[in-house]
Amino acid sequence: MISPLLTDPLFLEGAIKILFVFVLVTAALVISARNLASLLTTYTIQSLLLALIAGLLYLIEGSPVLLSIAALTFVSKVLLIPFFINIVEEKVKIRRDMKFNYLEPTSSLMVSIALVLLAYVFLSGFFALDRLFFFGAVIGLSLTLMGMLVMFSRRKVITKVLGYLTMENGVLLFGIFVTELPFIIEVLIIIDLIILVLLTTILAVGIDSTIEEYHQRLLKLKIWSGREYL
Amino acid sequence: MILYNYLAVGALAFALILLSRSHRAMNAFTVLHSLAYLALGAFALASGTHGFEAGNSYFYLDRLSLYEALVAALLFCFASVYSNGYVESLMEARELNRKNLKIFYMAFSLLLTTTTLAFFSDSLALFWIFAELTTVFSAVLVAILSARENIDAALKYIFIASGAMLFAFIGLIFLFKLSGEVPGCGGGTLNWTVLMANAGSLSPKMLTASFVFIFIGFAAKSGIVPFHTWLPDAHSKAPSAVSAILSGVLLNVGTYGILRMYALVRQTEAGPLVSGFLIAFGLLTVAVAVLNMLRQKNMKMLIAFSSVEHMGIILLGIGAGSPLALFWTLYYVLAHSLTKASLFFSAGILHRQYESNLAGDMRDVLQLQPLAGWGFIVGSVAIVGLPPFPIFSAKLSILLEAARLPYGGILVFAVLVFLVLASAAFARFLLEAFTRRSSGSVSNGLSEEPLQPYHVRLGMKVPIAVMLCLVLVLGVYCPPFLEKLLNGIVQELGYI
Chain F
4 MISPLLTDPL FLEGAIKILF VFVLVTAALV ISARNLASLL TTYTIQSLLL ALIAGLLYLI
64 EGSPVLLSIA ALTFVSKVLL IPFFINIVEE KVKIRRDMKF NYLEPTSSLM VSIALVLLAY
124 VFLSGFFALD RLFFFGAVIG LSLTLMGMLV MFSRRKVITK VLGYLTMENG VLLFGIFVTE
184 LPFIIEVLII IDLIILVLLT TILAVGIDST IEEYHQRLLK LKIWSGREYL
Chain H
1371 MILYNYLAVG ALAFALILLS RSHRAMNAFT VLHSLAYLAL GAFALASGTH GFEAGNSYFY
1431 LDRLSLYEAL VAALLFCFAS VYSNGYVESL MEARELNRKN LKIFYMAFSL LLTTTTLAFF
1491 SDSLALFWIF AELTTVFSAV LVAILSAREN IDAALKYIFI ASGAMLFAFI GLIFLFKLSG
1551 EVPGCGGGTL NWTVLMANAG SLSPKMLTAS FVFIFIGFAA KSGIVPFHTW LPDAHSKAPS
1611 AVSAILSGVL LNVGTYGILR MYALVRQTEA GPLVSGFLIA FGLLTVAVAV LNMLRQKNMK
1671 MLIAFSSVEH MGIILLGIGA GSPLALFWTL YYVLAHSLTK ASLFFSAGIL HRQYESNLAG
1731 DMRDVLQLQP LAGWGFIVGS VAIVGLPPFP IFSAKLSILL EAARLPYGGI LVFAVLVFLV
1791 LASAAFARFL LEAFTRRSSG SVSNGLSEEP LQPYHVRLGM KVPIAVMLCL VLVLGVYCPP
1851 FLEKLLNGIV QELGYI
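Taken in sequence, the protein lines are chains F and H. Heads up: take any position in the first sequence, counting from 1, add 3, and you land on the working numbering. Heads up: take any position in the second sequence, counting from 1, add 1370, and you land on the working numbering.
Here chain H stands alone, though its shape is the one from the complex (with noise of 0.2 Å):
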């Protein structure tokens, strides 16, 4: 039954967003609809199984879906305590029309509800479907700001995003085609439980290719390289609240339909295949994305090809297909939307204080905005995976148990060659922008003006501080009722 709550919850945010007058109020129902929804989710889990009760047979949970939902909801209330300062500012600095400011929150919300849905579907159709419209409402929040570049942003992730996702539907005809030879599925079904239970009977060779197919679709959605080319645009040039949702919760999207589709097929013959492909493009995702890392000079480009680099970790881990792998990857999962949501927080103010997002243009960094600095500063050293950050233990818990696959030792190598140089990446961009002071420094004979500081609200600071605060713990950490939630997460998607 809590699935009413939610679709109740979700309701009442939107109408209640859709009637109001002032953006503080728009911006108060955007959090509280946030806050609501972690509570349901702790209840739902807190309840046990019993509260998994969706009451209806396309939807269903289940710790995966519950603990997803859950890192959504958490995203989604700092993203919107961060908005409420951003977005004044964005429209003080006449970069977003007022006009436009209900369409926004409209679509934040709309954002989360959808998100949310597509976690609980238990139809894989009905998830491809809300995976479309989370499409849809996040490409409105890029189109926001109506400049020509954030249109074509969000042009070319509609058509990329949506074009493959009309892949993964020709996956989802051959896998209901395929469920209907199993006299367990009732003439067919896309139901992921009654596929759940039936898996070993399904033909190895048919769910393979059901599975490309379905990989296409999701792999867009997550930007997996090939398919990642409207990631960087989009992320970049998506408002800063804007981008924190599109890589900490949007990706996940894609990779829970990964999750999902790689714990059917490895209840088959087929599953080592698999394995094979998901490693395969997991390495080609972190290649090609920390070779696009070291040259750029944009700081949200920077962060957004590190979000296809973290993908491709993501892929390798769920590749790597054991219990210890994938309890580690469900933890980089949530490490890694923390963490990256929160360079996009600093990234955004330190947009606000020199109106780009170039290394050339940024001066007196950690003097005018100290916490955007250091908050950048602490969040790259934790995104490239150092001590004590729980990207580290995350990563190294992922790469030792891809040690143990046939070739594994060549692949750990490669890989951690391809971190250094993610690592090189950051640390070649906080060189270029951080250092550069302008006292007394003459620039192409003109000498440079003096910066005021950009005075921060104490809504865009305060996400930062405590999600680098959360980061730092669960480095050192991990709570036990997080411990006990992933080990059922591994437990029921039959990995033990």
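Looking at chain F on its own, in the form it has when it is part of the complex (with noise of 0.2 Å):
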């Protein structure tokens, strides 16, 4: 029944076109969402989808690359980086982010429209691409700006990772759509990510948390005076 739909090349890019609108939706929420855990599953399904549509795109390129980063992208981005960053996030107790800095979810929202459509026309002028790949690129491109975003007007060191994490799918994307890289270079990048998102929410508890200790030490202390903490 659903075999001869898998190697319907139209059927199959119909389902990839599909899928990138659902990305795209899961960039606006994480734009704009306030409750970390719900930040949290965002991001969990944009990876899913990021792996469906490799492993769609495997089913009709047939190049095996996509089908391993399919599972790499399942195993590090689905699976792991979200287990980790959740133990964290009960670490810390807290459950909302409400700051934002220059820029409100609803003006983000429409500066991330401007930045599609700047994407667009911007990639337009280089890559004489097929449509489905042009697409992939541009929306590529357009999440790791949208995740910019969300690093630039979010304060929570939790939720600035999480839009890092938005960029990293977003070049991720915008790389298997424009040309295949080496899978040994996809790998480094993995283990790059994890160490760093390791690193960043371990310093995250000890400035989203809401115990006071690291103010207090600094003031027993005088450590590092500078002109704003005195």
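The reader is advised that the hints may include incorrect statements.
Distance condition first, Cα-Cα at most 16 Å in a straight line; then the derived EDC-like pairs of lysine to aspartate or glutamate [unchecked claim]: (1) Lys1831/H with Glu1458/H; (2) Lys159/F with Glu1519/H; (3) Lys159/F with Asp1522/H.
Note that these hints are calculated values from the structure, not bench results.
These two chains come separately, so use the hints to put the complex back together.
As structure tokens, this is what we get:
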């Protein structure tokens, strides 16, 4: 029943395009969500969508690298990283991120629409790709820019980490549609990503937590007196 | 094969630090690690081109990478000697937790290894990943004091540098795609040597786009305006031994990446356009940094902004694009690294004395800390580029080369104005901090308590003295082997 569909390139392309829309929706949710648990769920769904896209693209292209990317994305970004961030979120005991810098969610969403258009215009000047691949590149670049927006406009470190991870998802999407990078590079990027997430979230425990211990320690020991802290 | 020696030494040093129990042992292994890297680099250079065999297709050694790796090892060597006394006094003051000592030295050693491997990467993707790892390990060193503002500075550093590096990765994807269209690149490659051999046939338009993206990443890594905002925080909040490494070594990783990319672009029609782009950013960087320096009352912030300024000059030197400009830019890199690190070392001693970096808290500097005080004064004179220090001759030559560009006269005039302002910023700080005497002065109706001189360990004094001597020597005499090496680099990058 399903198997003839899986070999029909038209169906597969249509499915990938629908997934593109979902990816953009998840990016919009990451920009606007205030609840940390739902932010994490959104990221997990986004990564799952990426794994699915890579899988479907494998069915069209038949390149084994895409299948490995799908598997790697699933293991690292759907299972491992969300699991770890969840532990940290429980540790810091905060549920919501209500603080925004520069931009409120509504204006952020308006800016991100502009960013998608910008990515479209910019890339159409450079690539003569098939429609599907061109759209993949546009969605990838837009996702990267929207992740950057999250890093700019959110104050909590955990949310910033999710913004960084969204950016990285965008780069992955861009990469699989524009060209076929050697698999070893993809693996190294994931390792880099995991180390970075580990470090930032461990540091976040010190910053985001409600514990005042850090600040008191600072006052007591006169550490690094700079102008803002006197 | 020399690469495996580097790897083995790095792994051995890491393991020994992991196993050692005392501070002295950890410090000794760190010093030995950097000395071994110095020796390996010198050996590879001395044995000529057959010493450059990496023994692996992902890595590649040439004179430029060895030069940068040697500068890095030299700086690490001084910083690890300095760390012995400095870190001990941080622990005595209970600013650094003894439990974190091992993490400090492990990150220190890993940072040296990853920086060196970054310089030796042939594949630009591998270079990207090692550059990311240097961000991670140096951020650990910034956060090591685990005070809130250190963690803040470290996180800001990670987010800005790594976020920008993701754009650099998009640039690499562009480059990979682009190289796939050239027959000589075997369906796409990121190996610099292959790209360099085929640079002439790359499409200039795509290459420029790729360069711009890659530039964003490496510019953030080397503190180029407008991606510099993390730098003053991270460099001023980190322990001074670490600040010296951040300014003297890690900024070079970014400029090294930009230089490698520029050498590719220079061979295509896009060369002049990209030159202009680099010069514009260089000028902007110098301007913003100098204007920030003028209002600094915090010693380490002043030095940190001065690093931003110098990165701007280096960018100008790369953008000028002539063989002579490249030669002096490379000379500048060495001179800046040594001078800047010595300034941070002096600032570290003064911070131990006054427990503050603010000019307003310092008094009787030359009586209490003669070496650090004079070290800072001489270092300041050297860093603003007065003769007979090497930054003077390097800067002069870079500006003379820049003057030949279209609109070069205006450009050089603007830079000179900013350089005068930078000297004024240092002079103002020195006058404010170093002329205040405590004898009989009464402020707010309370007489100040006389300060006890902070006992500076010998290991903290020696690096400052040696580095300043080295800087002075480099200012009046360019050793023939250095000249030969730099000329070799200019040739290897296809400038002549």
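Evaluated hints:
At roughly 14 Å between alpha-carbon atoms, Lys1831/H and Glu1458/H fall within 16 Å of each other, so this suggested pair holds. With a CA separation close to 15 Å, the supplied pair Lys159/F and Glu1519/H stays within the 16 Å bound. A distance of roughly 11 Å separates the Cα atoms of Lys159/F and Asp1522/H; the hinted pair therefore holds under the 16 Å criterion.
In summary, the structure agrees with every hint in the numbered list given earlier.
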